[in-house]
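> Model the full structure from these sequences, guided by the hints.
2 protein chains.
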Amino acid sequence: MYQLLSDLSIIEVSSFVASPTAGLYCAQMGAEVIRVDHKAGGLDYDRYMLTKEGWSLAWENLNRAKKSVALDLRSGEGRELLLELTRKTGQAITNLPEQSFLSHAAMSEGRPDMVSVRIMGWHDGRQAMDFTVNAASGYPLMTGPAEWDQETAPPVNQVLPAWDFITGAYCAFAMMAAIHHRTMTGEGSEVRVPLGDVGMGTLGNSGSLAEMLYRGGDRPRLGNAIWGALGRDFISKDGKRFMVAVLTTKQWHAMVEAFDIAEPIAALERETGVEFPHSDHNRFVHRDALFAIVQGAAGALDYAAIAERLAAAGATFERYRTMYEASTDPDLVTNNPLFGPSPKNPSGFAYPATRSFANIPGREAGDPLPAPLLGQHSEEVLAERLALSSGAIGKLIDAGIVATARA
Amino acid sequence: MYQLLSDLSIIEVSSFVASPTAGLYCAQMGAEVIRVDHKAGGLDYDRYMLTKEGWSLAWENLNRAKKSVALDLRSGEGRELLLELTRKTGQAITNLPEQSFLSHAAMSEGRPDMVSVRIMGWHDGRQAMDFTVNAASGYPLMTGPAEWDQETAPPVNQVLPAWDFITGAYCAFAMMAAIHHRTMTGEGSEVRVPLGDVGMGTLGNSGSLAEMLYRGGDRPRLGNAIWGALGRDFISKDGKRFMVAVLTTKQWHAMVEAFDIAEPIAALERETGVEFPHSDHNRFVHRDALFAIVQGAAGALDYAAIAERLAAAGATFERYRTMYEASTDPDLVTNNPLFGPSPKNPSGFAYPATRSFANIPGREAGDPLPAPLLGQHSEEVLAERLALSSGAIGKLIDAGIVATARA
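So the sequences go chain by chain: X and L. Residue numbers for the first sequence, in our numbering: -19 to 387. Residue numbers for the second sequence, in our numbering: -19 to 387.
None of these hints come from the bench; they were simulated from the model.
When chains are identical, the list treats them as one kind, so a pair holds in a single copy or across two.
Below, simulated BS3-like cross-link-like pairs (lysine-lysine); rule was C-alpha separation at most 30 Å, straight line:
| hint | residue 1 | residue 2 |
| --- | --- | --- |
| 1 | 230 | 47 |
| 2 | 32 | 47 |
| 3 | 230 | 19 |
| 4 | 230 | 32 |
| 5 | 375 | 19 |
Predicted model only: the values in this text are computed from it and were never measured.
Below, the structure is given as structure tokens:
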């Protein structure tokens, strides 16, 4: 792990994807992230995929490099221990409701410089998850084959929980922004990030909301075509599918050169009276004719030849892979320094483990760490952070307030 | 804007989505973000959607609340001015290649504590954009109707450039993590974030990579069903489509109560010999039977009644909207404090403007600011940051090295 945040301890009270992701990114940058769970495990403890023995592969990846404390969070005593931990460390991330025992007010008692980041559903308190935010956003009704009838076509849900992952990264940012402010001024902050607002705000930031209002209606389904530019999936003679993206003059020339299609392109320019090298607009408007020319050339070549030509010309392209193919691809995984050797995962299953997305020349990335066992660090953290004696911790364990690792 | 980062100035040399997004999030938290472009506009200056007069609605939303400096970045003198600006401010975000004039080495000359964040394509230097990373990730071949034949089904691209937005938020985080480290130690950092690694790393973090390797093959297409839990789109008697998500015992009971389906559920439990309230696994395995029961009940009710029942029971659900509907929805936009009144946008078109996703009780959110005109702050920034006299700036303008706002 990089040690950019090695002076920070963060309490994480989390479940599912967004909130654990925020903690994960901080842990991968060297923060001590202490995930505190109810002693039976959080709501996400059994999240698919499960191994035969019942270990969650989702959990052990989203909680890599963290510590685990397990408490009876239904008891007043367990809750008070958690609150004390947040007050001692000074920063917390959670997706528990503000109306729960873990309110910012409770965490900041005697700790006015507390920084908390709370993921909510919608801004008005309504529940939301990635799947429901996505339904509201409009994207599912814009996704899928262009030839589907606009009136009757079903929604197509995205498989990637994109709103969760955007929210997780944003919350890690918001946490660091609030900590920066505290470093400069001494002031704490209560930061609330509604998952639904990340969805609607992204509609705003991307210009899509303005686009809808300017047009006064919906954008038609474009299938796999890139909106406002040129790009789509094509298929080679040997049946390999690949994506080509053309959003710049350079990318245009590269594609034309790679497929040796200057002549039909020139003919199309004469026919339409427009030029293509310098205009996203022209390329987008005439995309069907351009797609036909590219697919004609692609269909006559095997993918290996296409890839060689596109790479040599400097085009931006990629072959579609199944996720299993991607997961076993040497370029993407095995030989990619993003992935390190498998640590001793809770599941016992070994596979390439993810480092931080960021790489920092001149700093030591180190090998990825495993996720903890549930409660693995209960005793250590309570002793170090709350200065509890081993006798006191023993009593809490006997009383069922504190749990330690199964194993 | 919140003023958490008001002591920071960040130089942004950007195009498209990921890199401008990172700057946008910082600007919405009060940082002075100075976007420096080639004087004719960056590669994204004409990004769709365009108004009739040719203003990009994408650009003016992704660059809200920033300042704009326009330089001749093809000239040595313009490049040196940009490098000087990065050295004076001490932090920069860019998607220019490391091999360009804007290398970390050049920016950190005389500024050893420089923090730069650079978005790359793939880790090995190959080009990538959101669309091509997505093709490699495996998601497009997992998306779309479950009934499509797995062998011949086409990829379904996601319309949301999710990898761009995850990368943008992550880069804002990485920038703040590196600044935090500098505040604590005085050391600068060169941070590189490959867009492709955000994609592959997300496969890793989500557990999907481990899942593929554990199974030794691909996950089948599930259509709109939630992987490993219960949830899907349903349709009401009056033809409204909605999503229900059940990942907890509470959500399960809420759905059963709202649709008054305890009896058929009990019958299914007897028939299958499993219980549903406490097991994602059982709900997922028997999803088709459960979907049929829910759809049967949903199909007998109008959506207004369904929504009332689901809300009263505490279920997690949402109606699918088209993006135009979403953009004009009172709950989502008009009455949502995420959106503020329209500032004077470059396009002249007025519409709700996005604040930061984070809201911070007790701090002033303020009204959203507009994007700058290209070059609007060239003179101000060169005078303030580089202490150039108005005479010197005038000469640079006359020489075509510096450009000021059109309009």
